[in-house]
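Protein chains in written order, with the numbering used here: chain A, 1 to 231; chain B, 1 to 373; chain C, 1 to 387; chain D, 1 to 153.
Be careful, since some hints might not be right.
Derived DEER-like restraints, expressed as beta-carbon distance ranges [stated by the list, open to error]:
id, chain 1, residue 1, chain 2, residue 2, range
1, B, L357, C, E292, 56 to 62 Å
2, B, V224, C, E26, 46 to 52 Å
3, C, D259, D, K41, 31 to 37 Å
4, C, E217, D, D146, 48 to 54 Å
5, C, I298, B, V224, 58 to 64 Å
6, B, V224, C, T13, 55 to 61 Å
Below, a sample of chain A positions facing chain D; criterion: calculated Cβ distance under 8 Å [claimed, not checked]:
id, residue
7, Y122
8, H123
9, Y125
Honestly, the hints are just simulated from the structure, not real lab data.
Quick reminder that beta carbons are idealized off the backbone N, C-alpha and C, glycines included.
Listed below, chain by chain, are the residues.
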Amino acid sequence: MGIVLDRLPGFLEPIPGGSVLITSIDAIINWSRSNSLWPLAFGTKCCAIEMLMATGAPHQDLARFGAEVARQTPRQADLMVIAGAIVKKMAMRMRLLYEQMAEPRYVMATGSCAISGGPFMYHSYSIVRGADEVVPVDVYVPGCPPRPEAFFYGLMTLQKMIRQGETIRKPGIRKKPVLAALPQGITIDDLHAQQQEMLEHDNMVDVEQAAAQKIWATRLDQWIPKPSKNS
Amino acid sequence: MTLAWLKIMAVVGQPTWEVVTVADRASASLESRWYVAVAYMIVALVAVAAMVVALGMGLIYGERKIAAHFQCRMGPMRVGYHGILQSVADTIKLLLKEDIVPARADRVLHLLAPFLTLVVTILILGVIPYSPLMQLADVSIGVLYLTALSGLSVLGLLLGGWSSNNKWSLLGGMRAAAQVISYEITATLALLVVTMFSGTLTLSGIVQSQAQGWWVWRAHGVGVLSMALFIVAATAEINRTPFDIPEGESELTGGFHTEYSGLRFAFFFLAEFINMFVVSAITVTLFLGGWMPFRIGDWESFNNLMGLIPPSLWFFGKSAVMVFVMMWFRWTFPRMRVDQLMRLEWKILLPLGFCNLVVAAVVILSKWYFFPV
Amino acid sequence: MSVTVRTLDELLTPPTAADSPLSTQEYFVNMGPQHPIAHGSLRIILLLDGETIRKVIPVPGYVHRGIEKMCEHMSYRKIITLTDRMDYLSALMNNWAVARTVEKAAGIETNSRIETIRTLMAELQRIQSHALWWGVLGMDLGAFTAFLYSFRDREIIGEIFEETIGARLTMNYIQPGGLMFDILPDFAQKVKKLLAYMRPMINEYDTLLSGNAILQERLRNVGILPAKDAVALGCTGPVVRASGVPYDLRKVEPYGVYDKAEFDVVVGTKGDCWDRYYVRMEEMRQSIRIIEQLIDNIPEGQYMVTKYNARLKLPKGRFYGQLETARGVLGVFIYSDGNGDTPYRMHFRSPNFNNLWAVTQIAPGWRIADYIAIQSSLDLVIPDIDR
Amino acid sequence: MDTEALEKLVMGLEAQCRKREQADRAAVDVPVSALEPLMRKLRNEDPLSFDLLLDHTAIDHIHEGLFEMVYLLYSTRHGHHLMVTCEIPRMDSIAPTLSDLWPIAHWQEREVFDLFGIGYDGHPDLRRLFLEDGWKGYPLRKGYTDPDMLEPA
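Next up, chain A with everything else stripped away, as it sits in the complex (with noise of 0.2 Å):
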């Protein structure tokens, strides 16, 4: 684990009374990982537009969160950023570079193709329906494509997950992945359980008609008031 870490003398290991020392050792190191992200520019379709180029343009500034150094070799990144669809064909080499990362190395899935296949999830016989099947992702911007803004708020996602979750001595244990744009009380595993219940039983095709029964649903009726059928 990195040159400093391998010989690092013994005071990491828990002695009595030392957890003072090791976490705040754990918070410099928490906090220099979340504040220099160098992201890997690894874009396949749409989202690599809006989430490599315009978030490093002069509009939405990726360089303010230190990012904005987008290294080509996966050796130097330690973010990927899974800009768009991932195809059967590209799953491999996806894994394969995430492999050649070095350690303490994220994953941001971006963009509803590459968190379920997006548009494609029907009728494609090459689309690979989600990242998280290749590589383990940290944090979902879903969208499609998302805002450079939706992005933004995926990185601090990432940054808020780092510093809390990791701890030098286990470095792979991270906080369970969260959707980064949803409220604090959805977490992802409650979203695979509706899509895989949805596709399995209710097999529906009307989206209208499903999308009517769903909690969320009744919620928005009640704010907006249904649009007259004219207008």
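Assemble chains B, C and D onto chain A, guided by the hints.
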């Protein structure tokens, strides 16, 4: 040993610059108290190491902010006030990255390459006269020492390129070798012109010789041309745009440091920025009068006023201007192609350098320059 | 009639060792799916001898989602959303191509307001697409600042799209039978402000990059594509116009209100990278001219001729409609069997797919750095190649 | 030159070619054997000179058991369009290659082979284009089923 600096301040008017280097003090105190000499050595080493780290972080932060403002954006803002702690965060993160050595890479050379580039840079830092008192060692063959070391830096790139067992980095390494070796000739020619004018090889001697005026305007046309030649050749030697073909991002995905990650990549990254400072320091020492304040002939009051600013401030101010010019190059020029680069060197800069040398010789012999000695 | 099917691995068998001790051995290099020059996932295999390219083998397919198979299950209105994801830099023109073909086949007549707004939106998107191309070309050749300037200007055009269409990139705005929304009352005034801002910006682009000696050296007479080869290689759009063939659908087969606007087709002479660069820069200025002539008198009228969910009945038969996107001719071939509003077979003639093949004829003999200039002067969008 | 005159001129070139109905432009249908000579004449004859092969694709008529190959030609000099179709049986679907007439055909034929399975005799480099080399089956055929394809209905 009263500080030479106080003595200088007492004498108003034409201050005589008496250069005392750390090496002189160490050798002076060697016979009587050997431990004071050792202390001087340790102080010198610590000073250079601190300078490398501080300069590296400062330059990286400076480059990112200046590049941002060139491109109508703000650059790092959220890490510390206006992103000041950004380089600190980068460095700590790079320290703790996983250290990957490719499978069939030549392990020894792969691990050696980054250190080689950084060591060469630090060796040059030790010779540069920052101010009459702040100079670590005044090597008698100063300029020859500089050109020899700048030739050595290409080894690091070549080793890095060849040993990481990757076609892209091999191409990057080969390009680096071709480029740095050929551009050294023009750089050496440009330095030769100044040594001819100043008559000495020692760097402090060259700075002293510019007491009446800096070589860039005192040696009128010849001085300006050799400074231009040196800036172009030096930018090529440290692989900065428009000559950054060894690690051209869009062509070779990373050039010679494609396979480096974590701390080793940090060494390459740091060496590139310290090289930028080193080249601007050499330009300032030889062409812009090092720590010599700006003086115009016999304007007493003006010269005294200029004399009030401490010499080290003069030096670092001028090199900051030169560093800004190099950053300016990087964010405006596209990249050259390999053969265009070679053609520029061998067919344009080299003949220009030789003619400049001959003209300089004629100017010196017939004393056609300002305030001939 | 015998057919031999080969695989990629047979092709990549490394060549035998160098015949004479002095000559270098050729080797394969992967400008793989993840490479800065492929803005997307296009794998280019180069057979290199030292730095000069002997052979180019493009391997697309890393973003192939099978759009044409999906079209056979979706109605024409749903297919419009798929076309945004093909060439996302000229999404509006893709929508317009499908809408136009379906309208011609189904016999729907649109009024002049719809046609004018379509032409205006298409030209705005052309400026936006050429601006991004210019920025990305600068980034590929090393001048990173150009990329930032181009995105600063793209955002302003993006704001106008966002107000009228609601989306920045995947528009889904032009439907068979009209438009999704009407333009806002201050649309014309905003566009005029944009044009007043954009015209000097293009001159600034020229001063920053075009006049630069290094760029001229990198682009002049590199990757020459003669006129005859350009047409034989199926190239269309700025690539073929740079070689001297004045083939621009807006003039050859005028559609929308292009015949009302007076503009000239920019044609290059030699067909090298510099001509392709110059043609696109001039096209941005021509697009501004077109918009200026049309922006003042947008006729009144309905913005949607048929109802949204009206079923589009296409007669049985083969229909082919095409129009000029920012990268070339986008053709939409529909074979409908007459019942229902889903096509029996739908095929897109994609401009990038045909322009890419020209790389294999242009690139051999040049160096890696030239290959970067050649491919970014072709202005390829990868999902449009794979569909 | 309007569509009827063009069709009459083209049919004059080749005995076996018939007019193709249900098309929105001048369209001609020709059997496989006569395809390559007709295309050579269309490209080289002066009054026609179709120098731009706009597009080449195929339609899978699964009920009639045949593939219909569609060539869309355009002449940049005279500015007229032509659609040439040719039907081949679904079982041993082999067609002559046109890559020596129009180099772009090399690339378009590989796409049709990849998605339909129509072999091209004499094609210099017939490989799968989009899909992996080991992909089983040809996706754009009507009867193609794939376990991964989600069908909502």
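task = Starting from the hint 31 to 37 Å, judge whether the C-beta atoms of C/D259 and D/K41 obey it.
result = 34 Å, holds
inquiry  = The hint says 56 to 62 Å between B/L357 and C/E292; measuring C-beta to C-beta, is that right?
reply    = Once the Cβ atoms are compared, 58 Å apart, the range 56 to 62 Å for C/E292 and B/L357 holds.
request  = Go through the hint on A/H123 and say holds or violated, using the shortest Cβ distance to chain D against 8 Å.
outcome  = 6 Å, holds
ask   = Measuring from beta carbon to beta carbon, are B/V224 and C/T13 in 55 to 61 Å?
value = 58 Å, holds
message = Is 46 to 52 Å respected by the C-beta to C-beta distance linking B/V224 and C/E26?
response = 47 Å, holds
key: Whether the CB-CB distance between C/E217 and D/D146 falls inside 48 to 54 Å   = Taking Cβ atoms as reference, C/E217 and D/D146 lie about 51 Å apart, which means the hint holds.
key: B/V224 and C/I298 - C-beta distance against the hinted 58 to 64 Å   = 59 Å, holds
task = Report holds or violated for the interface hint on A/Y125, using the least CB-CB distance to chain D and a cut-off of 8 Å.
result = OK, holds: A/Y125 within 8 Å of chain D, min 4 Å.
query = Any CB of chain D closer than 8 Å to the CB of A/Y122?
reply = With Cβ-Cβ at 5 Å, under 8 Å, it holds.
The structure is consistent with each of the numbered hints, conforming to all of them.
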